[in-house]
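Guided by the hints, dock chain R onto chain W, whose structure is given.
There are 2 protein chains.
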Amino acid sequence: MNTNELIARRDSLFGAGAPLFYNSPIHLVRGEGVWLYDADGRQYLDMYNNIPVVGHCNPRVVEALAKQASTLNIHSRYIATSVLDYAEKILSVHATHLDNVVFACTGTEANEIAMQMAKIVTGGEGFICTDATYHGHSELVGSLTYSPRRGRKNVHSFAFPNMYRPLVDGVTEEELCNLYLAEVQSAIDDFASDGIKLAGIIMCSLFANEGLPTVPKGFMKRAAEMVRAAGGVIILDEVQAGFCRSGKWWGYEVMEAEPDIVTMGKPMGNGIPLAGCVARSKYVEMFRAQKRYFNTFASSPMQAACGMAVIEEIESRGLPAQITSVGAYLRDEILKLAPLSPHIGDVRGVGLFISVEWVKDRDSKGADTEGAAAMANILRDHGILLSNAGAMGNVLKIRPPLVFEKQHADFFLNIFKEVLLAEHD
Amino acid sequence: MNTNELIARRDSLFGAGAPLFYNSPIHLVRGEGVWLYDADGRQYLDMYNNIPVVGHCNPRVVEALAKQASTLNIHSRYIATSVLDYAEKILSVHATHLDNVVFACTGTEANEIAMQMAKIVTGGEGFICTDATYHGHSELVGSLTYSPRRGRKNVHSFAFPNMYRPLVDGVTEEELCNLYLAEVQSAIDDFASDGIKLAGIIMCSLFANEGLPTVPKGFMKRAAEMVRAAGGVIILDEVQAGFCRSGKWWGYEVMEAEPDIVTMGKPMGNGIPLAGCVARSKYVEMFRAQKRYFNTFASSPMQAACGMAVIEEIESRGLPAQITSVGAYLRDEILKLAPLSPHIGDVRGVGLFISVEWVKDRDSKGADTEGAAAMANILRDHGILLSNAGAMGNVLKIRPPLVFEKQHADFFLNIFKEVLLAEHD
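From first to last, the protein sequence lines are chains W and R.
Each residue of the first sequence is one higher than the one before, starting from 1 at the first, in this note's numbering.
Each residue of the second sequence is one higher than the one before, starting from 1 at the first, in this note's numbering.
One chain only, chain W, in its complex shape (with noise of 0.2 Å):
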C-alpha cells in the first residue's frame, strides 16, 4: 500500500481526523537511538520525540520490561518490592519536601490526579493556568486547554511570560515580571469576587506548549508564593519538562519554585505507559483517604521495571551533564545560523528543550505560522523529525531523545543551514 492508501486505511478504522504529522505522513517500521526507519528504509534524526528519552529500542528498558514481563506483572493491591524500590527512587530525584508519590499511566492521569488532589486539600475549585496551556485531555483536566482568561467558571487563565512578545514593550525584566504577575494576582482576585474558593495554580515548568518562551527572572517562583499566599496549592507539570529535558532534573529547577505537587508522563518509562504525581505526604494521604484511589495497570513490577531502567540509564551515562553541553552547543550554533533568515525571531530554551520562533520578519515579529510549518516539512523531506508548536504553532519545537549527541547536532545543523541558504535561492 501507498502512503495515501494507509492514510484511507487509518481513516477508515480510527475516523478521519485523527492527528498524523506532515504533509506526507511517515510510514515507520523501526527505530534505534535518535532514529527511526521507514517502510522505504529511509533514515530519519528524530528531534521530536521526548518519550523515547533514553533512545529509541532502549536495550536495558527492552531487557527489563521483557525479563518482568515474563516473572510477574500484576497490579497494586499486593506487595512486590521492585514497586516499592521504584518510588524510592523516583522520590530521591526530587526535592524533599516532595515524599509521596502516586502512580497512574498517562500524563492527563498524573494531572487529574494532581487537580482533585488539590481540589481535596483546599476544598477549592478554582484553577489558574496560562491562556495556551494543554495539561490533558479529561473533561476536568481538559478543561485548562487554551482556556480564554475568564470564559469557564473554574478556571482563570492568565496571558504566559514571554519575554520575547512583552505584555508591554519598553519596560525592564523586572516591571514586566511585575506586570505577569498582576496577571496571576488578576486571576486570584477575580476568583474572590466571584466567590469561587481557589484550589491552585498549574504550569508546565517550561512553559512547553506556549512555545517555550523566556520567563522573566523570578516570576514562577513569585507567582507561586502569591497563589499559595491566596490558599491555593502549585502543581507543576513536568510530563514534557522534566526527566533532565533541562540538563537539570526537573523544570521546577531551572525557575527555582516550590512546588506542592509535581507531575509526570511521557518520559518516565520510554514508551511504558508510566506517569504519576509526588506531593507532600499530607496532601496524598488526604486524596487517597477521599479517593481510594486505585489505576488497574499503575505501579505495577512493569512500570517499576522500565521506570528504573530508564532512571538508572539517565545515570550511568552521566546525560544531565552531556544534555546540558550538547542541548548548548546546538542553541548556540543554530543562533549563528539565524542571520541566514530573516525568518528566525527567536532561538531559546535549555538542555535538550529548544524553541527557534519563527516570524514574517525580525521587526515585525508577526507570526509565521504556515513558515513553521513549510520548515517542518521541508526538514522531514531532508531527514530531520521536528513540529511546529507553541501558542501560535510558529515555533519550530526542538525535544530530541536525550542521548542526541554532537554528532547528531551537527548533522542537523548541516542540514538546517542548507535548507536555510537555499531559502533565498
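Zero decoy hints are in this set.
For identical chains, the list gives no copy identity; a pair is met inside one copy or between any two copies.
With a straight-line cut-off of 25 Å between C-alpha atoms, the simulated PhoX-like cross-links for lysine-lysine are:
no. : residue 1 : residue 2
1   : K360      : K336
2   : K153      : K197
3   : K291      : K153
4   : K221      : K248
5   : K282      : K197
6   : K282      : K221
Don't read these hints as lab results, they were simulated from the structure.
Okay, now just chain R, sitting in the frame of chain W:
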C-alpha cells in the same frame, strides 16, 4: 523485611491508604498461567485477576512485547501498519455497526472518551447509570461511582436489576423487568423535568461491580431502547465483561443489547496498559472533529503487538468454548456445595465470571459482608486468591485468568469444600 515492615515501607512511599488485599497482604514474586507465587515460594491459584486473561506471563504476549519494544514503539502521529492491523482485528470481533475505534491506555480513559463522545453526539449532559457502579477514577467518570439516585446534577442512578434481591417480592420475571425499566424511565423523566438534556446511559454489560446479578430477561435491550427513544446514546462498559469472560466475546451478546459505544480495558493487553472505545463511525468522527483527541501512549505498535497476541491466543487455544464448559462446570459444582453452608445465598454468573453471594441465612438474605471478607481471607490462607465485592461487598467474585481449566476448578472445589465443612466444626 517481613510483611509488616514492607507495608510500613509502602505507606511511607505511597501514603497510608493505598489499597491492599487481605488481612495479611501477599508479597508476590512470580506468576505463570493461573498461578502466582509469593516470596516464600508459596503457590496461589489465581481466581481473581482478569487482566492476565491469557495467563500470567503468557509466552506469546511476552515475546510479542519484547520483539516490538526492540523494533519500534512510537506515538500515533506517524503511520504504523501493525496498529492498523490490530484496529481491524478488534473491530472484527465486534458487532458490525461498531466500525471505528479510539485507543487509550486505561479503562478510565476509555470511559472518558465514551462519555465525552456521548455529550458531543447528543449535546446533552445527563447520564444514567446504576446505583452501585464504578467505571473509573477521573472526575467525569468518577461522578458515576455509587451515585445516589438524584444526588448529583448530571447523573441519575437507578436500582440495578437483580433477581435475587428484587425491587418487589412476589412478582413474575416480566413484571420485575418492567419495574426496573420504570426506574430507568423515571431517571429519563427527571432529567427532562430538570431541563437537563440526556446524553446517555452507561452500564457494565454484566453489572460486574454490582455483584454480577441475574437480570430479568430483556432488561438491558429494553432499557437501551428507552434511552435511545429519549435521545440518549447507549454506552456499554466491557472492561470487566468483555474479551470472552462470558464465553462470548462481549457481555452485550449475552444481554442481546445493541450499544452505540463500547469501552474495553483490563484484559485487552494482558497487562500492558491498553484500552479502547469502539463506536459507530459517525460518533467517532464527531468526537475527533471536536476534540482532536491524541493520547501519547495509545495506538502504539507496542499496544498493537500485545493486543494482537492476546486475540491470537484466545482464538488459537479455542478459549471461548473452554470458558463456557469450565465455567458451567465450576458454577454447577459450587451450586452442589451450597447446601454445606447456610451462608451461600446465591450462585450465579456466566462463563468464568461467577458470583457467590454470602448471607446471614438463606431466609433473611441479610448481606454477610464480614462473612464474605472472612471467606476470601480463609481461601487466601489455603492458596486460593479471590475477593469479596458487589454492591454490599458480600459477594465472592470468581474471575480467573481465562486459561483456567477443569483441573484448576477441581483444585479450588476440593479446598472450598474442606473450608465449608470446617465452618461447622
